[in-house]
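Undergrad: Our numbering numbers the first residue of the sequence shown as 11 and each following residue consecutively.
Read the hints as simulated data drawn from the structure, not as lab findings. For each residue, glycine too, the CB sits at the ideal point set by N, CA and C. Watch out, some of these pointers could steer you wrong.
Estimated spans, in silico, between C-beta atoms of each pair [as the list claims (entries may be wrong)]:
(1) Arg105 with Ala363: 54 to 62 angstroms
(2) Arg145 with Glu252: 31 to 39 angstroms
(3) Asp60 with Gln231: 49 to 57 angstroms
(4) Leu119 with Ser257: 52 to 60 angstroms
Pairs of lysine-lysine, DSS-like flavour, derived with a Cα cap of 30 angstroms [to be verified]:
(5) Lys392 with Lys155
(6) Lys397 with Lys103
(7) Lys14 with Lys203
(8) Lys392 with Lys103
(9) Lys342 with Lys397
(10) Lys397 with Lys247
(11) Lys263 with Lys14
(12) Lys397 with Lys14
(13) Lys392 with Lys342
(14) Lys392 with Lys247
(15) Lys342 with Lys263
(16) Lys392 with Lys263
(17) Lys155 with Lys397
(18) Lys103 with Lys155
(19) Lys263 with Lys247
(20) Lys397 with Lys203
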Amino acid sequence: MSSKVVIIGGGLAGISAAVAALAQGRQPLLLERTAGLGGRARSLFARDVDSMIDNGQHVLAASYHETRRLLRRLGQENAIHFQQPLSIHFRFKQRRDFPFRAWRLPAPLHFLLPLLFGAPLSRSDRRYLFRWGRRFRQTVPEQLKPLTVRQWLDEAGQSPLLEQLLWEPLTLATLNTPLRQASAFLLYQVLQKAFLSSAATSGLGLATRLLGEIFARPAEQFIRQQGGEVRPFCTAKHLLREGNRVSAVMTQKGERIEAAETISALPPNALARLLADSGLSGIIPTDITGFRYSPIITVNLWCRRAIPGDFPAGLVDSPLQWIFELPHPAQKPGLYGYTFVISAAEHLVTMDAQTLLDLCDRECRHFFARGLRDHFQPVHYKIVKEKQATFLQTPQSLTLRPPPRTSLANFTLAGDWIDTGLPATIESAVLSGRMAVEALGDAPAPPDT
């Protein structure tokens with residue numbers, strides 16, 4: 011090993027940076043404030059239900075090439091079930107449904123034809139979809155940067171059903187931002203890279219194990235085995251500067267860690283505090299204190315009776331957008347485990363547990379004609395509220411996302427929130443880690459093995 015790189019923050023961006031650093035012959039030292047790695051994609055023990063659960067429902071896409079490469083290096087790609095092709099069971103109220111499955115055809119026909127011939131669309135809806143498809147192929151992405159998704163879609167006319175069936179749930183799931191506020195540019199990137207590139211890479215990636223067993227634990231083992239170091243319960247308090255470089259990191263316990271190179275994989279608010287405390291607020295070209303945030307609520311339920319149908323299920327025109335089955339390790343003997351997901355949950359995040367369960371009960375009656383409490387009979391529940399799940403991904407937020415480079419020669423940035431060209435997803439976090447390492451020395455990307 012030739013040089014030490016201190017990485018501050020052990021989420022997926024920090025993990026990715028450590029793995030990329032090892033591939034280039036650097037020696038990573040990964041500092042994590044909490045007990046373990048993983049960040050928002052971590053698992054935790056819920057004492058009140060006596061079970062390990064994930065900190066929210068995280069879904070990958072088959073097109074997540076950076077994430078899949080990281081999973082291969084950690085020996086975990088088989089822990090994710092990647093659909094081939096995309097398959098989602100959409101449910102309408104009054105027990106109507108639409109089982110969407112992409113066709114094995116060239117793009118974008120694989121995605122559009124199942125909608126045209128399978129979804130309960132009117133003639134005007136189908137005309138709209140044709141118009142939108144033609145416009146999409148002619149889109150210049152840069153021209154979308156000032157637009158919201160609402161403004162972009164309205165250019166092709168209006169289709170309330172397609173908005174409820176497709177655009178609103180897709181925008182909420184991928185951008186965690188309401189359609190009227192969300193960035194058209196970022197939704198275009200999702201559509202282009204994930205759903206409309208090819209049938210083979212259009213599917214979702216669903217974890218078959220808890221996220222901590224897929225990312226955090228294997229990553230810590232890999233980093234240590236390859237000669238790196240991981241320090242839990244270690245908070246960076248201050249950065250020491252010498253000239254145009256960060257020379258050392260001071261921890262909350264008063265330890266001085268010498269650093270040839272340093273990467274921040276902190277969220278923007280934590281990084282802003284660290285830089286302010288270090289007198290370094292001016293080294294980033296954007297105002298990272300300007301981000302606003304959007305919450306996600308996940309309601310984990312263990313029921314005596316199974317909820318009918320296939321999963322994942324998208325609930326059309328419902329505040330509960332998705333239902334997933336819990337991965338096998340989170341199931342309980344004799345019970346059926348599910349996760350109800352509410353993205354962009356600003357209007358619901360202050361609700362208490364019983365009010366949220368009442369909401370789940372009401373929506374089950376709408377979509378399954380059976381109440382949650384009296385029919386499916388939940389025995390246990392655990393509600394997770396991630397109040398700053400992502401930044402609010404509006405057109406204005408694009409100007410706040412900095413590049414990985416800073417004005418200091420040996421200090422770079424990682425995180426799903428930096429300017430990766432992608433929404434704030436797992437893929438963006440993993441990509442950012444590699445970008446941060448490459449920005450230290452313009453090193454080539456590691457081989458795809």
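Undergrad: Which hints, by number, does the structure contradict?
TA: 1, 2, 3, 5, 7, 12, 14, 15, 16, 18
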